[in-house]
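With these hints in hand, go ahead and build the complete structure from the sequences.
The primary structure of each chain is shown beneath.
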Amino acid sequence: MSAITADLISSHQLTHDEYERICRILGREPNLTELGIFSVMWSEHCSYKSSKRHLKKLPTESKHVLQGPGENAGIIDIGQGWAIAFKIESHNHPSFIEPFQGAATGVGGILRDIFTMGARPIAVMDALRFGPLEDPKAGARNRRIVEGVVSGIAHYGNCFGVPTVGGECVFDPSYNGNPLVNVFALGLFRHDEIFYGRASGVGNPVIYVGAKTGRDGIHGASMASAEFTEESKQKRPNVQVGDPFMEKLLLEACLEAMRTGAIVGIQDMGAAGLTCSTCEMGSRAGTGIEIDLMHVPQRETGMTPYEIMLSESQERMLLVAENGREEEVFAVFRKWGLDAVEIGHVTGDGILRVKDHGKVVAEIPNRPLADEAPLYDRPYTTPYRPAPMEGPSFVTAGIQEDLKMLLASGDLCSKRWIWEQYDYMVRTNTLQGPGADAAIVRIKDTGISIAMSLDGNGRYCMLSPREGTKLIVAECCRNLSVAGALPVAATNNLNFGNPERPEIMAQLVESIEGMAEACRFFETPITGGNVSLYNETLGEPIHPSPVVGIVGLMHTGEPAGIAFRNADRAVLLVGGIGDCDAVRFGGTQYASVVVGKVWGLPPALDMDFEKRVQAAAREMVSAGMAESAHDIGQGGLAVALAECCFGLGVGAEITLDSELRPEYLLFHEGPSRVVISTNNEEAIVEVAKRHNVPVVRIGTTWEKTLSISNRGVRLATMEVEALRESWENALPAKLSVS
Amino acid sequence: MKFGVVVFPGSNCDHDAWYAVTRNLGQQAEFVWHDSNRLGDVDAVILPGGFSYGDYLRCGAIAKFSPVMGAVKKFAADGGLVAGICNGFQILVESGLLPGALVRNAGLKFRCMELQLTVATSDSPFTNACRKGDVLRVPIAHGEGCYVAEERVLDELEAEDRIAFRYVKNPNGSQRDIAGVLNRGRNVLGMMPHPERAADPLMGSLDGLSVFTSMVAAAALKK
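In the order they appear, the protein sequences are chains A and B.
Our numbering applies: residue 1 is where the first sequence begins, and numbers increase by one.
Our numbering applies: residue 1001 is where the second sequence begins, and numbers increase by one.
Where hints are given, some of them may not hold.
Which residues of chain B face chain A? A partial, calculated answer using Cβ under 10 Å [stated by the list, open to error]:
(1) D1035
(2) A1077
(3) C1112
(4) A1141
Derived DEER-like restraints, expressed as beta-carbon distance ranges [said to hold, decoys possible]:
(5) G1107/B with F394/A: 20 to 30 Å
(6) M1113/B with A615/A: 47 to 57 Å
(7) A140/A with G1107/B: 13 to 23 Å
(8) D445/A with G1133/B: 30 to 40 Å
(9) V1168/B with V713/A: 26 to 36 Å
(10) E1158/B with Q80/A: 32 to 42 Å
(11) R1023/B with A615/A: 16 to 26 Å
Honestly, the hints are just simulated from the structure, not real lab data.
The C-beta atom is built at its ideal place from N, Cα and C for all residues, glycine as well.
Here it is, written out as structure tokens:
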């Protein structure tokens, strides 16, 4: 047996203390295979060792929640015996190293998390962060990454047959060396169709199904738990290769096999592959698992036990069947042309025992391996904040030019180039697809629809992780509310830098605390999610980038949508004009794009007021009083109004009455505001009054131009079509620079 | 009337087609598995969209060898109605049931969008519910939908009135804006756009239903 050296320990990213703990658990020194197994299970990616004690602060329960964190995905009840499973997961590091496959397998991984529970995936969304496309140094690489990531997502999702219904895409220099690819998936099933990853029943066979095991992805989980260095690029062979067709077969076969009633438990092989699935399934059920690697289907010859246990080859599942009913399971997989092999059985001793041709090569107690990774209370100080509190003085060179510039900027321009590559309609349930505040997917023949939205804002969170994260949760709930849906549950993806740096750890802690407060207040418990740390390249951290995905429930019906539909409608601002000052303006898109600086604090949020605005907007939309409804977010009022005009080319004459300076008035990003067009102004005013929310009439829709004035001073008059073209063409133009 | 919806491994618009003809149209439908060499008692066949066998080779190139395609060929030869949608169209050209080929979109990207089609002929079992020149709103979703054929073949298609649909604004570089074609017997249609996605009031358009109502009318006439 090879001796474990200090070098070997550190190359597995284990500390000396962690190694000693392993020796205590085993009562001896581990062999190399065991060391590898511990290193992946105790990696940040799998064990959440830096974040777990803070994640406990998040609310996880409500009357809707059937399954909270800890399983492959959270589950909520949506009524009539139906339930949905949903979760978000990151594939940041692989997507930087190999954008196409990195993003594709990110989609594949989260889809497996959903259907391993028995749910059929019905929607996907993506939150993407890239370095700026026009960056003088990194621009060319950033453009390649965008092309690769988007086509990778399209390739996998389209072929698998799940609609990609929404998401968001943001550009910032902090993502130059570290793009973020967070994928959200949601699946549908009946309450009595839920499956868990539990290896129950001593003597039951353990069955391996799906793709063969190769050398790809070995140490993916620990790669995702380290900073990027110059050597990282050499890790390309670590990135897995996805086969969406195999995954589609696996989906159909697994759901069909589940219907036989012969399956006891099932789990996908994702990060840490066979290792993770065996020890977690055993640990959850309080059992042991014994497997012999000679039965594992292998793509390459001469693979060692170490390689087989750590491989992250895609499209594989592990399941436990009822003893004596294996043949029913095998028959289904044969029908779909997939490998299904018995590789071992469930034992009563709580040990993960791995054999190779009968010889024991690893023997580890399941529970300490899966659930007793060392937890760290990493020190934290005050959050890293590379921005001043005071900003420069500035005066607009022309509101009209400012608006044009903002609408053509990376974050605010049309993302059609991206979402047209995604099949967002397959399954014929998409009532509202990409480009809206929230995506809406109906559940056929039930009258129930699910609204969903993904939101993040790294700039706000850089200025204040706590306030920024609360704003994200508020905005996400607002997006659902303007669609007419009631937000009910959330999933989170926490993308941060190196937690071993106290000022980065402080970002993480404050962000989680802000999220906990907001999710509790908006009654959207976190049912699961993902933590991605060490998002740094050469010591430069990304902006703290928590992303939340929130789902809401509503009755099926024609959505109101963002777009003004008709001329001669009242344009109302529910929630009022809002307020802003120099410090609170520093986090806006205007500050970043037009002034070229970021400073101060994110906009102020009054959660109680926000909740009332949301309730009012939800009522207005679901009662059909609003012909259109759009949340005011990044870019402020003027950008929101332009977006309302773009959909159908209907313009508006906006006449404001405010003492705010024009830049603040039109571009501040104060939350709790919704633009509504209606032919029933009285009803809207009545609802607003009942919710104790101000509503201001700011204008009237009309043909073809967007005109804005304040107190008699004309600020902008623009042709909607010309403005729409520059908004629409901006992204393709940025990408085609060579 | 009973539709048979063929399911290949990798088909992913099979349920959508099934839903459109049963729930939206009120007809009967059943799924036909790819390794079956019989179609049963169906009155018409739909080859749905998707990525049959993964389509890692040319789209539809593997599907043409599946047992069910033998049955489909025989069904078509006997005058049965066969509609291939998206991947189904690709399979029909690969199988030689329709002329031409479908290659990568001119922009080299997958494109999913709503667009407008003109009905180029009403003289077919798939368009008899329309008038020539009608404009339909139907979505597309494909990466390899650029229709190409030799000039001679294109001339022939036009001369024989076998172009079923044309794009109003060509999204993929298809020659002569072709979105759908008929075989010489006019009982086999291939089209890249997805009529089954425009068959429900909540999906934003009902225009796609006319393809299926035309088929129902044609089948009734035959009986």
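Here is how each hint holds up against the structure:
Checking D1035/B against chain A by beta carbon gives a least distance of about 9 Å; that is within 10 Å, so the hint holds. Below 10 Å, beta-carbon pairs count as interface contacts, and A1077/B has none with chain A, the closest being about 29 Å; its hint is therefore violated. Because the closest C-beta pair between C1112/B and chain A is about 5 Å apart, less than 10 Å, the hint holds. The interface hint given for A1141/B holds, since its Cβ lies 4 Å from the closest Cβ of chain A, which is under the 10 Å cut-off.
The given range of 20 to 30 Å is broken by G1107/B and F394/A, whose C-beta atoms sit roughly 40 Å from each other. Remark: the range hint 47 to 57 Å for M1113/B to A615/A is contradicted by a beta-carbon distance near 35 Å. Distance hint check: the CB atoms of A140/A and G1107/B are about 21 Å apart, consistent with the given range 13 to 23 Å. Hint check: D445/A to G1133/B, Cβ distance near 36 Å, so the stated range 30 to 40 Å holds.
The hinted window of 26 to 36 Å between V1168/B and V713/A is violated, with their beta carbons roughly 43 Å apart. At about 52 Å, the CB distance of E1158/B to Q80/A disagrees with the hint of 32 to 42 Å. For R1023/B paired with A615/A, a C-beta distance near 35 Å fails the hint of 16 to 26 Å.
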